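Undergrad: This is what each chain is made of:
Protein chains: 2
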Amino acid sequence: MNYKIDNLQYCNWSREVFEINRDAGLDAVHVTIVYHEDYDELLVETKKWEKLFKENSDLIFLGKTFKDIEKANSESKTAIFFGFQNCSPIEDDINLVEKVHQLGCRFMQLTYNNQSLLATGCYEKIDSGVTNFGKEAIREMNRVGIVIDMSHSAEKSTFEAIELSEKPIAITHSNPSFWHDVKRNKSNELLKTLGESKGMLGLSLYPHHLKNNSNCSLESFCEMAARTAEIMNVRNIGIGSDLCLKQPDSVVEWMRNGTWSKSKNYGEGSKDKSGFPKQPKWFEDARGFKNLEKGLNKVGFSEDEVNGILGNNWFNFYKNI
Amino acid sequence: MNYKIDNLQYCNWSREVFEINRDAGLDAVHVTIVYHEDYDELLVETKKWEKLFKENSDLIFLGKTFKDIEKANSESKTAIFFGFQNCSPIEDDINLVEKVHQLGCRFMQLTYNNQSLLATGCYEKIDSGVTNFGKEAIREMNRVGIVIDMSHSAEKSTFEAIELSEKPIAITHSNPSFWHDVKRNKSNELLKTLGESKGMLGLSLYPHHLKNNSNCSLESFCEMAARTAEIMNVRNIGIGSDLCLKQPDSVVEWMRNGTWSKSKNYGEGSKDKSGFPKQPKWFEDARGFKNLEKGLNKVGFSEDEVNGILGNNWFNFYKNI
Numbered sequence: 000m001n002y003k004i005d006n007l008q009y010c011n012w013s014r015e016v017f018e019i020n021r022d023a024g025l026d027a028v029h030v031t032i033v034y035h036e037d038y039d040e041l042l043v044e045t046k047k048w049e050k051l052f053k054e055n056s057d058l059i060f061l062g063k064t065f066k067d068i069e070k071a072n073s074e075s076k077t078a079i080f081f082g083f084q085n086c087s088p089i090e091d092d093i094n095l096v097e098k099v100h101q102l103g104c105r106f107m108q109l110t111y112n113n114q115s116l117l118a119t120g121c122y123e124k125i126d127s128g129v130t131n132f133g134k135e136a137i138r139e140m141n142r143v144g145i146v147i148d149m150s151h152s153a154e155k156s157t158f159e160a161i162e163l164s165e166k167p168i169a170i171t172h173s174n175p176s177f178w179h180d181v182k183r184n185k186s187n188e189l190l191k192t193l194g195e196s197k198g199m200l201g202l203s204l205y206p207h208h209l210k211n212n213s214n215c216s217l218e219s220f221c222e223m224a225a226r227t228a229e230i231m232n233v234r235n236i237g238i239g240s241d242l243c244l245k246q247p248d249s250v251v252e253w254m255r256n257g258t259w260s261k262s263k264n265y266g267e268g269s270k271d272k273s274g275f276p277k278q279p280k281w282f283e284d285a286r287g288f289k290n291l292e293k294g295l296n297k298v299g300f301s302e303d304e305v306n307g308i309l310g311n312n313w314f315n316f317y318k319n320i
Numbered sequence: 000m001n002y003k004i005d006n007l008q009y010c011n012w013s014r015e016v017f018e019i020n021r022d023a024g025l026d027a028v029h030v031t032i033v034y035h036e037d038y039d040e041l042l043v044e045t046k047k048w049e050k051l052f053k054e055n056s057d058l059i060f061l062g063k064t065f066k067d068i069e070k071a072n073s074e075s076k077t078a079i080f081f082g083f084q085n086c087s088p089i090e091d092d093i094n095l096v097e098k099v100h101q102l103g104c105r106f107m108q109l110t111y112n113n114q115s116l117l118a119t120g121c122y123e124k125i126d127s128g129v130t131n132f133g134k135e136a137i138r139e140m141n142r143v144g145i146v147i148d149m150s151h152s153a154e155k156s157t158f159e160a161i162e163l164s165e166k167p168i169a170i171t172h173s174n175p176s177f178w179h180d181v182k183r184n185k186s187n188e189l190l191k192t193l194g195e196s197k198g199m200l201g202l203s204l205y206p207h208h209l210k211n212n213s214n215c216s217l218e219s220f221c222e223m224a225a226r227t228a229e230i231m232n233v234r235n236i237g238i239g240s241d242l243c244l245k246q247p248d249s250v251v252e253w254m255r256n257g258t259w260s261k262s263k264n265y266g267e268g269s270k271d272k273s274g275f276p277k278q279p280k281w282f283e284d285a286r287g288f289k290n291l292e293k294g295l296n297k298v299g300f301s302e303d304e305v306n307g308i309l310g311n312n313w314f315n316f317y318k319n320i
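Protein sequences appear in the order of chains P and B.
So in numbering that gives the first Met the number 0, the last spot in the first sequence is 320, and the numbers never skip.
So in numbering that gives the first Met the number 0, the last spot in the second sequence is 320, and the numbers never skip.
Same shape as in the complex, but just chain P (with noise of 0.2 Å):
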C-alpha cells in the first residue's frame, strides 16, 4: 500500500482547502493548530477544529495513530494530526504535555524562531542548547507519544534534542543548507546525525526555503532530493509542504512577530516583501504532489523511493513511535 502524507500545512482551513487535499490523493495531514497561544487558547483553536470535523466528515477526521492513516486511505478521507510550531500551549508546566497530547497533538516544535523556555531558535544569535525544562519536557513528549519537531530550531539545540531523545525526532519542514543557505535550513552535518538517529526530514516547499525562492524550479527540486539522499538514508526524506493557503498576509505577521515585539520582525521575508511569498507554478497546492512524483522519478530516484518521499517514509515514522 502507497501512503500519500504532507506532514505540514498551515493553510486558512476552509472545505474548500480540504477538497484539494482529497483530490491530492493526501491520506494524511500534519496541520499546525496554534503557534504561540496560550493553553487556553489552544482550547479555542480544538473548538474550532471539532466544528470542522463535524461539517466535513466525509473528507477529513482527527487522527491519532497510524492506523488513522490506514483507515483514511481505505475511506478515502485525509486524516487531520495535530501539531504545534511552539511550546507556548504547555506554557510552563510540565502536566500540560500530557494535557495537549489527550486534545489530539502529535508534533510540537521545542521552539519557534526565538528562545523558548525549551530550546533556542534559529533566529537568536546564540543558541544555548535544550534548558532545563526542555530536558524534563523531551522526556515527558517521549513518554506520552508526541513527536519532538526543530523545524525552526537552532543547530546545537537540534543536535541536543536528537541525543536527548529516547525517540526519532522531525524535522517536519525544512530544506538543506547546502542548497538554499538561509537560517530555516539545516547543515549536511545535522542532516546526516539526523538521518542516523532515524528522524525525519520533511521537504520544505515553502518560496523562502528554495533555491531561487518562488521561481526555484522542479528540476532544481528534485535534485536536492536527490543530494540529500546521499547524506541521508532516503527512508528518513519525507515532504512537509509548509503550504499556507488563502492566508492573510496578516497572519505570517503574526507567526513572525506574535506578542513579543513592539518593532515589526520580517523574519524570511523584508520590508518590501513581508507577505507570504508566492507558491512555484509546479507546487501551488497539494496537488503538485503529482509534479514531484514526475520530478522525482525523473532525477533517478526508484518508483519504490518515490513513494516513500511522498508518505511510505512519514507512515512508518508514525508506525514507529
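Since the hints were made in silico from the structure, they are not lab data.
One should not assume that every hint holds.
The list treats identical chains as interchangeable, and a pair is accepted whether it falls inside one copy or across any two copies.
Claimed, not checked - Simulated pairs of lysine-lysine, DSBU-like, Cα-Cα distance not exceeding 35 Å:
hint : residue 1 : residue 2
1    : K134      : K293
2    : K134      : K261
3    : K263      : K197
4    : K197      : K277
5    : K197      : K293
6    : K166      : K261
7    : K272      : K98
8    : K261      : K66
9    : K191      : K53
10   : K53       : K297
11   : K191      : K155
12   : K297      : K98
13   : K98       : K270
The model shown is predicted, which means the values in this text are computed figures rather than measured ones.
Here the structure of chain P is known, so what remains is to put chain B in place on it, guided by the hints.
TA: Just chain B, lined up with the frame of chain P:
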C-alpha cells in the same frame, strides 16, 4: 534624612509581619508578589494585596515612586514596592510590561533560576545571554520604569542586561562569590561592572547565600560588606534580606520547582535540607537591621556609609530612575 529600606522580602504577609517591619523602622520594602505566576494569576495576587493594604492602612501602603518613601517616613509607615522574581507575568507579550507597571510592578527579574523567554538563569548549564524578546523587554521596562533585577540570572546575561539597559539595573538579593561561592552569588568582575554602571547590589541575609549558612556571624557578614565596598562604590550597596518569614516549606518547593519538573529540584538546598533554612540569630527578621548598624560601624564604615547601606543608597537609586 535617613531612610531604612529592605529591598527584598518574600514573607507570608500578615499584620504581624508588617508590625515587625515597622518595629525595624523600615520606610520601604520591595516585596516579591509573584514567582512563576502568569498575568491572570498576578491579578489574583494584586487583589490579595488590595485587601492587605485596606486592613493594614495604619502600617503600609503601595509605593510607586521615591516620594512614597519620604511619605512613609513622615507617616511612620512602610511603603510596599511590588516586584516579580520571574518574568512569567508578562508571558510572551511586550504590551504586558506597561500593564504590570500600572499594577504597581517596579522590579522584575529577567529570569528565576532557569532559562526564561528573556535571559538565562544561574542554574542553567549554558548562558546564551539576553534573547531577542529580552532586548525588547529591557527597552520597554526602561521606558515605563521597571527596574531590571538580575539576582537569579546567569553571569553573561547579567553583563548584557547592564550593557543593554539605558538605566542602572539592580541585583536586589545576592552576595559576592569571593565570600561564599554558590551559583546565586556574584563575581568581583560583575560587581565592579554593576557599580560602575550605577547599579545596586542588595546584600542578602538568606542563609544559603551566607558563609557558614545559618551559622554565619555578624562580623563575617559585615567584613564581607567592607570588602565588597573595595570592589564597588559603597553608594551602590544596600540590603535585600530575602526574608521569607512564616513561609511553610511548600513555598520554597514552589519557588524552586514551579511547575516545570516532574522530579524534585532542591535548588540551593538538598534532599536532606529541602526546607527554608534557619536565619542567623542576629537577623531573624528585619529588626536585625539594628545589629547590622552596629556591625557595619565596627568594621570601619562611617555613619554616613552605614546609613547609605541600610537605606539611603536604595532611596537615591529609586530617586534616580
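Undergrad: Against which earlier hints does the structure fall short, listed by number upward?
TA: 1, 9, 10 and 12
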